[in-house]
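J.: Sequence:
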Amino acid sequence: MKNLDLIATACSLKKLGALERQLVVEEGEGWRLLSCMWLHAGVVHLLANMLSLLFIGIRLEQEFGFIRIGLLYVLAGLGGSLGSTMHLMRTSSPTISVGASGALFGLLGAMLSELLINWTIYVNKCTALLILIVVIALNMAVGFLPKVDNSAHIGGFLAGFFLGFVILVRPQYGYIRRKHLPSTYEGKHKPRHKGYQYVLGISALVILILGYTYGFGKLYGLKALKNLP
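In this text, residue positions in the sequence shown follow UniProt numbering: the first is 1, and each later residue adds one.
There's no promise every hint is true.
No farther apart than 25 Å at their CA atoms in a straight line, the calculated lysine to aspartate or glutamate pairs in the DMTMM-like style are these [stated by the list, open to error]:
#: 1; residue 1: K15; residue 2: E26
#: 2; residue 1: K147; residue 2: E26
#: 3; residue 1: K147; residue 2: E29
#: 4; residue 1: K14; residue 2: E26
If you are wondering where the hints come from, they were derived from the structure by calculation, not from laboratory data.
Just need the whole structure built from these sequences, with the hints factored in.
T.: The following block contains the structure:
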């Protein structure tokens, strides 16, 4: 996501659904938390995000399908928007934010958690983990450039990281469905998932529920308290 200061561009994007703290919190336009991720500040911004989406998203969609990855993309983008709005609540300037970067960072976070929760099925695990951490670190560093909304990057990454534990879990290495086993098979049947996969998945789900509840409570809870008689 990018913060914009050009009045003409900002006005146009605001009409189209850009993320702006006052409109979301004070005017009740919560739909902007989702609409902002489909808008971009210009052609360069759009191309940069779409190229990133091609490199990251295609692999994930091929392995897990468009339904799971589409759901993860939208929920991670929502997490990025919540992070961005909570950050904007600390500033008095009417800054707006647009872009798919929060959702893209969510996919990066999901790639990391997917590697961790499906650890048993990967070869060269440590190498893959190291490469992924370097890629994430380099992308996070971009967030410190001027006019880049790093709070959306962090929010999207965290949301995607925990969503990956829930949505992208796969059967452990060596698992075979009972119906595919020969009737004469007498060996030990492996369970579909290992114990640590259940622990990570349930823990991540709890964290996600608490995180989204906290985010929406932070945005709208204070306003509700102010309106009490």
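J.: Could you run down the list of hints and mark each one as holding or not?
T.: Here is what the structure says about each hint:
Note on K15 and E26: the hinted pairing holds, with a Cα-Cα distance of about 16 Å set against a maximum of 25 Å. Pair hint K147 plus E26 holds up; C-alpha atoms about 24 Å apart against a cutoff of 25 Å. Between K147 and E29 the alpha-carbon distance is near 24 Å, which keeps this suggested pair within the 25 Å criterion. With a C-alpha separation of about 15 Å, the suggested pair K14 and E26 falls inside the 25 Å cut-off, and the hint holds.
Of the hints listed earlier, there is not a single one the structure fails to meet.
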